Amino acid sequence: MDLPQSFLTLLIFSPLAAAVILLFVPDDERRVIKRLAFVLSLVPLVMSLVLWFSYDRSTPGFQFAQQARWFESIGSTYHVAVDGISLPMVLLTTILTPLAILASWDIKDRLKWFMMLFLGLESAMLGLFLSLDLIIFFIFWEIGLVPMYFLIRIWGGADRVYASFKFMIYTMAGSLGLLLSIQIMGLATGTFDIVKLMDVWVNMPAGTLPVVGLSVATVKGLAFVAFFIAFAIKV
Numbered sequence: 001m002d003l004p005q006s007f008l009t010l011l012i013f014s015p016l017a018a019a020v021i022l023l024f025v026p027d028d029e030r031r032v033i034k035r036l037a038f039v040l041s042l043v044p045l046v047m048s049l050v051l052w053f054s055y056d057r058s059t060p061g062f063q064f065a066q067q068a069r070w071f072e073s074i075g076s077t078y079h080v081a082v083d084g085i086s087l088p089m090v091l092l093t094t095i096l097t098p099l100a101i102l103a104s105w106d107i108k109d110r111l112k113w114f115m116m117l118f119l120g121l122e123s124a125m126l127g128l129f130l131s132l133d134l135i136i137f138f139i140f141w142e143i144g145l146v147p148m149y150f151l152i153r154i155w156g157g158a159d160r161v162y163a164s165f166k167f168m169i170y171t172m173a174g175s176l177g178l179l180l181s182i183q184i185m186g187l188a189t190g191t192f193d194i195v196k197l198m199d200v201w202v203n204m205p206a207g208t209l210p211v212v213g214l215s216v217a218t219v220k221g222l223a224f225v226a227f228f229i230a231f232a233i234k235v
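Each residue of the sequence shown is one higher than the last, beginning at 1 in the working numbering.
Since the hints were derived computationally from the structure, they do not count as laboratory data.
The list that follows gives simulated cross-link-like pairs (lysine-lysine, DSS-like), each with its CA atoms no further than 30 Å apart:
1. 34 to 234
2. 108 to 166
3. 234 to 166
4. 196 to 234
5. 220 to 234
6. 220 to 196
7. 108 to 34
8. 108 to 234
Derived DEER-like restraints, expressed as beta-carbon distance ranges:
9. 38 to 156: 20 to 28 Å
10. 157 to 190: 41 to 49 Å
11. 57 to 153: 38 to 46 Å
12. 31 to 153: 25 to 33 Å
Values in this document were obtained by computation on a predicted structure and should not be read as measured data.
Using N, Cα and C, we set each Cβ at its ideal position, and we do this for glycine too.
Taking the hints into account, I'd like the entire structure generated from these sequences.
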């Protein structure tokens, strides 16, 4: 099945649009907030199911790609697509979000903001799974930290203030290494596009990179460690 070129972008930002809609609901309308948040969370689920059944499993590689000009001066573009690895993650994210909203049905403190932050977090996760540009990937990565921080700090357990502060410190430290690695990869190859990097980065000739003054093998090793640490901290 053919889908509109902007389908993935609409999927990514549909939870964020739902959060904006909730913003205009009065805080004291708790029943409306809960029901509306749940119903709106089903929209990305329906879209991901359409994506699931439209995906051609006989064709390898990325599908339903959308690419637009962005920061061309540094070799970065807005590029999103889905493949056989990201597709299940997208579906799982959109399934778990309505379930998480149902599990949070009895929350009383700042209910509207909880639902808005949770939907914002869903948008960030969908952007992570569908991004094919490292700069876009990093932006969604950082955006996801904001709702996570407030969800922990406001609705966490007894040590939520300490836990949220510790979470932010560790994740920012991991993000710094991730950002530096992304910058080095972009400077060394001239692109942040993951599809192009899959070929250029792997087949880079041995030698010293003039950008950093280190060997290609060393830079690749440091980049792997930085990505691993950032992912391990986030998990």
